[in-house]
Amino acid sequence: MRPFAFVKADTRAEAFRAIGAGSSYLAGGTTLVDLMKLDVMRPDRLVDINALSRDLGQIHAEPGWLRLGALARMSQTENHPVVARDYPVLAQSLSLAASAPLRNMASLGGNVLQRTRCVYFRDTSWDACNKRDPGSGCAALTGGNRKLAILGGSHACIANYPGDFAVALTALGASVTLESAAGRRRIPFEALHRLPGDAPHVETNLAPGEMIVEFAIPAAPWTRRSLYLKVRDRQSYEFALVSAAVALDIEDGAVRDARIGLGGIAAKPWRAREAEAFLKGKPLDEAHARAAAEAALAQAVPQSESGFKPELARATLARALTACAAMEI
Amino acid sequence: MSKDKSKNEHSKNVLTRRGLLSGASGAAAAGYLPLQARAQKAPADADRSAAQVVLNVNGRDHFLTIDPRTTLLDLLRERLDLTGAKKGCDHGQCGACAVHLDGKSALSCLTLAVAAEGQRVTTIEGLAKGSDLHPMQAAFIEHDAFQCGYCTPGQIMSAVACVREGRAGSDESIREYMSGNLCRCGAYPKIVAAIRDAARKTERG
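Chains as they are written, first to last, in our numbering: chain A, 1 to 329; chain G, 330 to 534.
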């Protein structure tokens, strides 16, 4: 690991003073320390913000919305009784991720910023990775791409966004509050991550020195009838091949509103608006679930090793939708 | 490197496998160090090369000057001579390095020692009370829940947390909770049996 300076911040003001070009905030460290050991991330200064947990580690379940502090831990959030009861898709997206010790360590803010698992990004012995080394090319286009993106990729990068929680946040139309020395702003969570386009090394719209401080999830008629379905190579402790976050508002047998996110297969946490629009006003039977899934995957571009993924994704989403419609709430 | 005095005295009197291994690896390490120092030469400013920390490990405070890059795992093993936590993958994928931070399971290979300051660190060495094994340690022995033993300290630390968090109610729940601890020998069925048994005994109290 390369040398770095280590600073502990006791307040946000201290953190904003300490952060600068080439430096990183440190929360749980489960992504950052791993990638520093691999020499993929090379901060010359770490600003430890864990002491801010007193303030930013809180969960507030209020009548109109759920507010999650960015330093709340994954395990703390999945085990929160109101999150589990009123926002099951969020709780499930967390409990199905990583392992118990990692979920104790990882913060929500760090979790949504986790980096891709694309092997060419993580292994510096490969020269070509536009995300790690802009302009160097993309080894995955003609290499091992079984687990990579079939939605939202570009000629420069087909890395997939690997996380689960962010997919659930995207589906539920969450917002995220960001703060830096320049002030505070709130943006739709969907606007946090960027598509790779020509600049896959720029993954988010965070301004320099900006910190995620809170997620806000509006309580809606569909939040209670929601679930997260994750399909993977092994049953536990594995990233998604495909995942679906679905939330439904059903009345008199017809879908009043649907919220759908897809994970594992896209360059960023993916919202399937075509599928949502298709379902509106229709009964959620198997035929309609299947047709909605067809709409969600219409733009899919399978790579050399991922020809199986559009169909796996359609089947996953259709199953998630019918299971969600059958939930007793 | 300063070692705990009682530990040194202990090593003098008793021939242990650990003592033999550390003696043997000394020669190899001497050849390796200069290479590492060349490759990772620290810049001049002081805050990059040394940090003062106070770490509470198994109920005892340690005052240490460390390179900020030191992981908790390396600090436990190389500086404090607590070699129970094992270095398996060193990337948070195998669970062999699991310890408890403030009573919760955590991976010491992905924890920077400087960031662990202010938390209570518990390692496998801190579970037993004197010569009385922790009920989970006793259950692992009783159920023959290991073969080579390399993953066992991490398995036991996660298992203790599993029972403590109330996740040992069914085999399915135990397997899910323990999925971050890999065992190349494949002792999984016996590990599950040991946890189930220890959970029952702990409940009876």
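One or more of the hints may lead you astray.
[Stated by the list, open to error] With a straight-line cut-off of 20 Å between C-alpha atoms, the simulated EDC-like cross-links for lysine to aspartate or glutamate are:
1. G:458 - G:403
2. A:8 - G:494
3. G:416 - G:403
4. A:37 - G:396
[Stated by the list, open to error] Not everything, but these chain G residues come out facing chain A in the computed CB check (under 8 Å):
5. 377
6. 379
7. 391
8. 394
9. 398
10. 420
11. 436
12. 439
13. 505
The hints are simulated quantities; they were obtained by calculation from the structure and are not laboratory data. None of the values given here were measured: they were computed from a predicted structure. For each residue, glycine too, the CB sits at the ideal point set by N, CA and C.
The hints, checked one at a time:
no.	hint	result
1	G:458 - G:403	25 Å, violated
2	A:8 - G:494	30 Å, violated
3	G:416 - G:403	8 Å, holds
4	A:37 - G:396	14 Å, holds
5	377	5 Å, holds
6	379	10 Å, violated
7	391	18 Å, violated
8	394	13 Å, violated
9	398	5 Å, holds
10	420	5 Å, holds
11	436	5 Å, holds
12	439	5 Å, holds
13	505	5 Å, holds
When held up to the earlier numbered hints, the structure conflicts with 1, 2, 6, 7 and 8 and fits the remainder.
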